[in-house]
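**Q** Chains A and B supply the protein sequences, listed in that same order.
Residue 1324 is where the first sequence starts when you use my numbering, and the numbers rise one by one after that.
Residue 343 is where the second sequence starts when you use my numbering, and the numbers rise one by one after that.
What the hints contain is simulated information worked out from the structure, not anything from laboratory work.
Some hints here could point you the wrong way.
[What the hints assert, rightly or not] Only pairs whose alpha carbons sit at most 35 Å apart, straight line, appear in this in silico DSBU-like list of lysine-lysine:
#1 K1368/A to K594/B
#2 K1547/A to K594/B
#3 K455/B to K465/B
#4 K465/B to K1327/A
#5 K1657/A to K601/B
[Claimed, not checked] Negatives, chain B to chain A, calculated, CB over 12 Å:
#6 L360
#7 E362
#8 D372
#9 R555
#10 K560
#11 Q596
#12 R597
#13 D599
#14 P804
#15 E851
#16 D856
#17 E916
Every residue, glycine too, gets a C-beta built ideally from N, C-alpha and C.
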Amino acid sequence: MDSKDIAQALKGLLGEDRVVTDEAAISDGSRDYIGFRQYERGDGKCWMPKAACIIRPQSVQEVSAALAWLSENKVDAVPRCGGSSVTQGVEPVEGGVIIDGSAMNQIISLNENDMMVTVQCGTPLEQLEAFLNKSGKTTGHFPQSLPMAQVGGLLATRSTGQFSTYYGGIEDMVIGLEAVLATGEIVRIKNVPRRSAGPDLRHLFIGCEGSWGFITEATLKIFKYDPESRWMGSFAIKGMKNGLQALREIMTEGWKPAVARLHDEREMERDFHNIAPEGHCLMLFLAEGPKPVADATGEGIRAIMAKHGAIEMGPKPVQHWLVHRNDVCGRLDKFDYYNMGAIADTCEIAAPWSQIGEIYEAVLQRLPEEIPLLAAISGHSSHNYVQGTNIYFSFGSIVMHPEQAQPAYMAIIKVIMEETLKRGGTIAHHHGSGKYRTAWMPEEHGSSYILLEKIKEAFDPAGVMNKGVLLKK
Amino acid sequence: MIDIWVCFKAAPDFDQALPEDWNGFSLDTDLGYCGTPLSCFDEAALETALRLKEGFLLDNKKDQANQANQANQKDQANQIKINALILAPSLAPAIVRALYAAGFDEVIRLDCKVELNPLETAKRLSNFLESRNAHAILCGAQAGYGDSGLVPYMLANALGIEMAANAASVCWPEIGKGGNERLSFLVKADGGEISQLDAPCLISIKNSPLALRQSTLKAQLGAGKKKALIESVLPYEERRTFLFCQEKSERKAQRVDCKGIQSEIQAEKLLDLVEEALLTKDAAVGKKAETSRAGTAVLLLGPDPGMDQALARVWGLAEGCEKAEIWAQCDMDEALLLQWPEGVETVRLVDDLSQISLNPEMDFLVADGSVAATKAAVAFAMRNEWQIESGVLETKSVDFEAKSEAYESWDLKSKSQSSGEKFAVSRACSSYVKLQTPLKPKHVLVASPQARKAAVAETSKPNIVNMRRGDKKPSEIAINTKPSPEVLLVGGAGLGSAKAFESLKKLAELMGGDVGLTRAAAMAGYGSMELVIGQSGRSASPKACVVFGSSGASAFMSGIEGAGTVIAVNISPEAAVFDKADYGFEADAPSLVQTLIKAVSRRSA
């Protein structure tokens, strides 16, 4: 079937106004923010595969009808909501269909007694937060993509937010959900606080990245919103490994700050403009909860940081970070790095405490040796667990021509992936695997990779959904 | 040897200051948490210098390849030198490293605690540079939003060299680069105008897309051993008082009661609000502004971006003076179209404001912040030893009253009487000033711009004296940007269909305004992606912006941040857009568009 036929058939199925064939809209709807694509766009290139059309269903029934048809006719489909992907996760397949859930954007119900809110997949997180804040509540989920992200995509990528050390990742926040399988069946998982009635089926969809189902609705936990009770503090500390040790001690002692960030010296210089003394890393903390709890957490952190020789810098660097932490969203389409003649991006991995420092140092040592045009490499920890933490690498490389952008980018990713896998870490902490990490997925999952394959076979027998994501074949 | 200098700053960005620090802001407020980044203007200036060096070396290579006599070849690298100069008490090693790694030959820091005194800053820089025989000095136009932007003007004046401002790019002309030929630079201004400046000259870089290039880590490691040279300069003599206000959009929609109200009445109310937005408003509502301003004010109006905006900018400070005369860089046609305020006796039309000779017997000089007017004001102030102030003023209704109070308390006449000092003021505004007293134009919302012009022509005119020598049209003079539309109508996904957007386009046409779309609406196929307003599209600063059926996502709202008045129409009372607009109509957007079409047609008839 060619693109015209596909669009025509879908118009007949869903209605004219549900199908978009405008080329510019398709190009915009295919946009992914992975670094090399941003470089290409800066150079005026559009090298993404071209979809046949975008469909914008407005109900779960329409999603079901669309997916059933797509499956039956073996037409590739890529789900999409807010489009804040940085992993090629929302790039279409050539000639396939983009299923855009952003028209399904209603807040369905708020249940303050049971502390849950039910929303459609296209509900912008920013709006959900604003809505909840009015009644003194919050989702507790603050990814950097907050100004752009929609709930469906947040679940599909197994996202996490800046306050995750206290509230958890999205997987800890979902109570129930509704999804449509690739073959069109609608499934609902009910809203209960916990159950022991088989494996947790929610986790079949949370993190599936649209590979075998389209999430249409979610019920999320809500929490009391009390920013007045926050404790904030920042510190300068010598040595990244020293900082990681301090973080580990904070977590293993039982403290649970909402924000616990460790930025290496390079990020302190570049991203925080030298606010700490030269040669120091910067640490930012924020504690939430009832005021006595937040204050006690703050005191606990201060004591541990003092033990590690840190210099107190007060709350203002954290307050400043709070205000500006998502400013990057406003710059995504401005081609800043292209204008500097570089590609730049981030890559987040995670590992247990015993390995995370080794991974960090190995990457920082190996990259300059292997990438002659490397312009920057740095890292920070921002999501902490009793067992370990993540490292969010930021990297940049000089690129002269757009043809060089993707190879230069992937050469850096290869080093990060290899050094992480070598030491038992995970290659993706919270952005999702997307398409750019798929090559390493078999090694990431080892013997459990077969589980992904089996689930895919069962739920998407025609193999139409999000080709190239999660699974190599 | 060609010697190019770039003056840059590494200062706290005041825009990054926390709201609580703005409330009680003083020069002693600790902004250490903001860091000391390079401004985008300085980055552009630094990168421009690097490209000039590269361009020179590349062209010389070609020239030398063509030369028959190889014996006369000189070492290319010694023919041009680019230097970075900063006046600061310290400079982060990371910045020094980045500059050397990028290709600067010298980084020099004049060791001094910098006060917010552009004249003193310019003096110190000029004292250093006057013995350096610089062929070109590049400056970033300003530090950040709110910076005076006066240092480049003052530095050029102090050094007695030609200056180009608002430069977007600088390059070598085809001839005149070396040897015995006169050295010169081609400067392209923000609005596209190209001029050629002979060395020595100063070029102030403003809206350039250039950013300081990234260097490889290897280059940075190599450069890490090089340090900035440090020279001492005299400390600043005085610390001055400044007025600081930060404008933040704190729109909170006043809901217009639409319950049980007929659609036709809703439409009339909305049109009234649009008209009100297009008129200049009395900022001191309910309060008569009392001033004891100086006797005679002279106002300088430059040609960019639009004369009526320039006039609005300066009149707020000058009104209340006993006498006012205006020097304007425009032609008679434009002068006749403007709404001149009452109290202006004489308007002199000139070709070039920077060439006029002003009588220092006046009490008060105000320039509108355009390049030409600022040059003239700076030259006058430095020649006559007047203090010169500059500031950026925006107008959001909440803060303007507070700021106008601050300006009211800045009583210039009594200041000049007590201190014997006189003041010149240069003000740049990025939005529309609400005047102390309204201009009372006969301005109605009509179908065509021509009819609107006819209505304006009825207002009284001062004595307009045409002192222009040539027949230069304003289009030949640097016009920075296309002026924002006065009225912008934006359709969101709540419009519901492409057909509804077509109706919106018709309404915009009837209102003589522009039309746009949110990204969600464009993605839904309602209209072209080229019409998208917001982060992924364009920005606009209309006097009145009416948003139909948008939820108010921040990615869209950032595109109309500069709008004077925002009116939101949305059927959902919970829509977030109501928290970000000035007025809110809880109404069905597509229906209201239809009703508005009829209402506007009725008003025009």
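**Q** Now tell me if each hint is right for this structure.
**A** Structure-based check of each hint:
Pair hint K1368/A plus K594/B does not hold up; C-alpha atoms about 41 Å apart against a cutoff of 35 Å. Restraint check: the Cα-Cα separation between K1547/A and K594/B comes to about 25 Å, which is no more than 35 Å; the hinted pair holds. Restraint check for K455/B and K465/B: satisfied, since their Cα atoms lie roughly 14 Å apart, inside the 35 Å limit. Pair hint K465/B plus K1327/A does not hold up; C-alpha atoms about 69 Å apart against a cutoff of 35 Å.
Between the alpha carbons of K1657/A and K601/B the distance comes to roughly 43 Å, so the proposed pair goes past 35 Å and is violated. Some Cβ of chain A comes within 12 Å of the Cβ of L360/B; the nearest lies about 5 Å off, and the non-interface call is violated. At the 12 Å boundary, the C-beta of E362/B falls inside the reach of chain A, the nearest C-beta of that chain being 8 Å off. With 12 Å as the threshold on Cβ separation, the claim that D372/B sits away from chain A is violated: the shortest Cβ distance comes to roughly 8 Å.
Against the 12 Å criterion, R555/B falls within the reach of chain A, whose nearest CB is about 5 Å from its own CB. For K560/B, the condition that its CB be more than 12 Å from all CB atoms of chain A is violated, with the nearest at approximately 7 Å. With a minimum CB-CB distance of about 18 Å to chain A, Q596/B clears the 12 Å threshold, and the non-interface call stands. No beta-carbon of chain A is positioned within 12 Å of the beta-carbon of R597/B; the least distance is around 15 Å.
Chain A leaves D599/B outside its interface by the beta-carbon criterion, the shortest separation being 21 Å against a cut-off of 12 Å. With a minimum CB-CB distance of about 44 Å to chain A, P804/B clears the 12 Å threshold, and the non-interface call stands. Residue-level check passed: E851/B sits 22 Å from the nearest beta carbon of chain A, beyond 12 Å. For D856/B, the non-interface assignment is confirmed: its Cβ lies about 19 Å from the closest Cβ of chain A, beyond the 12 Å cut-off.
The beta carbon of E916/B is not kept farther than 12 Å from every beta carbon of chain A, the shortest such distance being approximately 6 Å.
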